[in-house]
Amino acid sequence: MEDQREKNIRQLIEERKQKKSFRDYFEKSIPSLLFVIASISVLTTIGIVITLLTETVEFFKRVPIVEFVTGTVLKPLSQNPEFGVLPLVMGTMLSSLIAMFVAVPIGLMTAIYLSEYASEKLRKRLKPMLELLAGIPTIVYGFFAFTFVTPILKNLIPGLEATNILSPGLVMGVMIIPMIASLSEDAMSSVPQSMREGALGLGATKLEVTRKVVIPAALSGIIASFVLGISRAIGETMIVTIASGSTKNFTVDVTQSMQTMTAYIVEVTGGDAPAGSTVYYSLYAVAMTLFIFTLLMNVLARYVSRKFREVY
Amino acid sequence: MEHVQEAQQFERKLNGRLMMNKVSKGIFFLSTLFGLVVLAVLLYRVLSEGIAYINWNFLTGKLSTNPERAGIMGAILGTFWLMIVVAPVTMFLGVATAIYLEMYAKKNKFTEFIQTNIANLAGVPSIVYGILGLTVFVRAMDLGNIVLAGGLTMSLLILPIVIVASQEALRAVPKFLEEGSLGMGATKWQTIRAVVLPVALPGILTGAILALSRAIGETAPLVVIGIPALLIPFPGSIFDKFTVLPMQIYYWTLDSSLVAEYANLAAATIIVLLVALLVLNSSAIIIRNKFTKRF
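Residue numbers (this note's numbering), protein chains in the order written: chain A, 1 to 312; chain B, 1001 to 1295.
Hints are computed from structural coordinates only; laboratory data are not their basis. Wrong hints could be hidden among the right ones.
[Unchecked claim] In silico EDC-like pairs for lysine to aspartate or glutamate, Cα to Cα no more than 16 angstroms straight-line: (1) K1188(B) - E208(A); (2) K1175(B) - E1102(B); (3) K1013(B) - E208(A).
Chain A on its own, in the form it takes in the complex:
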């Protein structure tokens, strides 16, 4: 009897040991398992860079890189195709510029109102409403630009084409307002209250406090929000695809139809360009250009907000 019991306990201990060793093993393998999953995000980046790079190199074997970078004519489907990227760069820059003309002043002033003037109660009501604006899918903005804004602009500017770069630029600006407003507001809200109180105590008005104390102190964050806004505008696809057309114009006339880099990618992939053709490879060269532009902007934004941040 006694013997039996001892044996049982021994068994129990053995079993537990075995269980424990399995648990230890499991426990030890978890970090490496999670590490493998975490590297997927790195793999994604590598995947993007490799796909773009290999096909772009193939493209530059057929079209000299100098012609691509400096060419002002883009005729991918003609008998004597020409592959200058500048018309697309121009379209992208113009639409982004127009967007920033709308988004920077309105976004910044919204941020000032929310952070400096609005009561806490009002701010809590207004912010979610602005976030709603940010949550609207871009395709809906595209629909809005094409079927609503363009006809209105046409009444104001008689020479406006049915597809043009002005209308999507303006609508894109509205889309970016919440982004600039919210990032700038974050920067301004993190300026210590004591600095405001110091200036107010010296007799400054709220506007003077904002202009001479809050904005200079929050400048790095504000500028970073502008740069991120530009990056967003450069990468935006559906609004320009729908409302700015597919004419590869190299012009600064915003009433004309123009194509952006993103819209070109959509046109080429949608047109079933046969794999292996020069047109097909041009897709990757343009995407590479787009990728570099946005990456530079994002790195710049982080650099600005880190390097020039005032710490209190």
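With chain A fixed as given, assemble chain B onto it according to the hints.
Showing chain B alone in chain A's frame:
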């Protein structure tokens, strides 16, 4: 005498400055309203164009070139199947990555690199993900333009959002809970699974739902992958060809210069899409407010 003059001068200047402040406040307020007014106009415009076209036949019918008979059931099902792929894939990858970065990773250069890389990925235009999906999933793995290929592409696109949201949720879990559990003899993984994750779950879910609503509205990557505008049978699994609501809006908007009624169909589809987004976002807010524990 001079004194009085000086005082008057000061008063005038002060009044000017106060006036300036008031005027500016008005301008700032109007700017804030601007965005909201545009939002209101946009919503009104979509509603007035589309609401009359929403009926049972539109919601359950097949696509058709005849605007009278066109329905969006295919697009609704396509969006549904897409989410069936995207939701579990991003949740699994996103939460696992966040757990690694917050709980296990040592503070070294490589961890910092992963973190910077995630931030950079969040800034890559969605259309570039489309090209990645086209090259890797559609062509190299030869999946074709089926739900699975689109879903994996979308998953990569919203992965950074889910990771960052999950990280924030994990970081918000008070340290004493973790320490208590470890002190009672639980292993690290047991602690994470039974103590940290349940507390962080509302935050993680909120972030994931918001990311999903981004994926539902996203069009560009799917255009690049090549979703046909043709009439296709309703998708019944993740291996079928498909279309989604934003794609339908895209094609109908493009063709609205040919058939004016397509603009109304696009508007009606937008209403359906926005209602879906509203439901998703409201559920995210409810989860955040109801289930977040405070310590």
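- Item | Violations among the numbered hints, reported as their numbers in ascending order | The structure conflicts with hint 1 only, although it agrees with all the remaining ones.
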